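Asker: Sequence:
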Amino acid sequence: MMRLPKLLQALVRLVRLQNAMMVLCAVLVSAYGASMCTSLHRAYHQALDDASATLESIARSSEVGTNRSIFAIDAALLGVERTLETLLPNTPLEDRRVKALLNQFDDETLVIRDILILDNRGRLLNKATWTAQADQDFSKEPFFTAHQGGGLPSLFIGAPVRSRATGGWSVMMSRPLLRRDEVIGVLVAEVPITVFSDFYNSVVANSGVMVKLLLDDGTLLATEPHQEELIGRRFDDAAAVLAAADKHRFGVLGNAADDTAAAYVVSFARIPARPLVLVASRSRGELLRQWRNEALSSAVAFILFAVTAGSLTWLMVRAVDRQQKAVGKLTASEERLQRQSDLLQSTLENMGEGLSVFDRHGLLVAWNARFVEMLDLPLDLTHETTLHDILAVQAERGDFGPVDSPGADVEQRLQRFFRDVPYVRERLTSQGRTLLIRRRSMPGGAVVSLYSDITERKAADVKMAQAWAQAELANRAKTDFLANMSHELRTPLNAIIGFSEILSGEHLGPLSNARYLEYATDIHASGLHLLSIINDVLDMSKIEAGKLDIHEEEVAIAPLVSSSLRMVRERARKQQVELVSTLVGPDHGVLADERALKQCLLNLLSNAVKFSPMGGTVRLEVAIDAEHRTIITITDEGIGMTEEEQERALQPFGQAHSATTRTYGGTGLGLPITQGLVEAHGGMMTITSCPGEGTRVSIALPADRTRIGTAAQVALRA
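Counting with the numbering used here, you get residues 16 to 733 for the letters of the sequence shown.
Derived from the structure by calculation, the hints contain no laboratory data. Source: prediction; values computed, not measured. Incorrect hints may appear among the rest.
What the hints assert, rightly or not - The list that follows gives simulated cross-link-like pairs (lysine to any residue, SDA-like), each with its CA atoms no further than 20 Å apart:
#1 K155 x V176
#2 K473 x Q485
#3 K344 x F320
#4 K613 x I702
Whenever a hint applies, use it, and build me the whole structure from the sequences.
Answerer: Okay, structure coming up:
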């Protein structure tokens, strides 16, 4: 009778053990499933994020290379223009010397196949590669018409066309040809699309990424991998990318986790100031293939785990199954780690820069072949190689120059390696290459170093500095020449003006013929006009040379404004232009050079009257703003200017409109001189204008030049 309770107790324990095993199995299966779903979800997002980052990096790199190539093309065309203007200013564009110049630029600029010169009628005048034929007419080509009738003043990039020389695809790029600030034709560069596609090929490096270069209307210029049949066609599916590129310079489309309808992940980069968009894309299926394989493997593993856990109810069988599953998981983990290690090493090898990582003990834990190549190290590097070994090889080779004790020098460099981080330095190798070394610390005391070959960039910087210095010398020589010539011309001109004034005033007796008197008056007026022009040129030369002398004194505003208005009133009366002035008060004055300030007012008033229509109004207002600055504003209702025309008008000898000189006359020095005189006083001149609505010019003099209550003393001196 006593054996029955024990049997029941054992049965209860057995039932409880079975329930516990079932509950434990359910908990384990549920936890494993949740972990797997979370991991797969995270891996899904990570795959899309990594793909987006890779595509964006490729798009940015391609955009930088494309922009660099276009900059080189534009610089070559500008170089042709500047060389023609400086070295061959009067040489006909059909001349052999011009052809030789074009050939020289064509040879020096590797991205250009040919350079053409067209006249203003679209006729071919000269060419770099072969003799130009007079009957060739490009007047209807977009690269010619884009610059006609006040068109594009900068570089034009056209759609791809078939090259007449090779039959391959080329892009025609052009810009207006100027000589003495006058458009005399068009410079055209023929650029093969292989310039872009070859560069893109080096960027993508067989990664399955497609790179496309599009015009802002969707026309395909170049693609890698190359697709001959698509060049020059417009893509309807590029509308979304172009719309996004209009709002943002860089971006990625189709990378959202819930955007399952998108067939591709697309990264775009809009090239600034150019009608071009760079697109890097890859199929979502290709990007997620590895993730799908992992998801399928994880699902199979989950099913196996659930079936195994559900079927193995006994503890011993469960223990055996656990052991087998542990072995399988360990093998899968090792394979996954090996794949990750291989992927990491492949990434390092395809970086394009040298990389090395040393742990805190100085052991080399990661590197790529580029690092070995740049430092010219032995190829048998291992994870047992130390920083000391590498420094010793370099010191023995003499990479660090002559040293008294190589061993001590290596120890010092070893200490500085871990101490001086972050670290950025340029270094010249024994092969004459310039390396940029960037070094940063990592968690755990490790140090990562990046090595970039910047030899070509340094050479380009030197050439740019030399070109800038030559430009400065040329500008200084021009300024000195203008100053000297102005003085040389004024001396005989003063004699002409003086003698003509004596003749026109009949100071030595009447002239017998009335025509003599008329001629003498005309000579006197023309001499005064020419003297005014020479004075403007001399003032402009002084301003550019920084030799303008300012004689400061307290100047009353009211008499100055009255005198200036009186000098332009006769011209305003002839054009029926009304002059209106508004002043702060009779006691307002400024500390300034009276002659310079009066010249500023006369220049601005003369321009305002000259460009005002019949019956218009010119307003001159003088006020003091909240910062106690003196503000002089002159407003007219004339022809107005665009922003680009304002920039031209502020250049010496520049005119806002191409026909301004013929219609209104003038040298184009009024606004530059005024701006120079205002800035010499520490002030600022601003222009607000709109075509057809007039122009508003404001002069703001600093607060320390404003004078109130000294009008009596100022008026006495005036």
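Asker: Next, verify each hint and record whether it holds.
Answerer: Hint-by-hint comparison with the structure:
A hinted pair counts as satisfied when its Cα atoms are at most 20 Å apart, and K155 with V176 qualifies at roughly 14 Å. At roughly 19 Å between alpha-carbon atoms, K473 and Q485 fall within 20 Å of each other, so this suggested pair holds. Distance restraint check for K344 and F320: the Cα-Cα separation of roughly 11 Å lies within the 20 Å cut-off, and the hinted pair is therefore satisfied. Distance check on the hinted pair: K613 and I702 sit about 19 Å apart at the alpha-carbon level, within 20 Å; holds.
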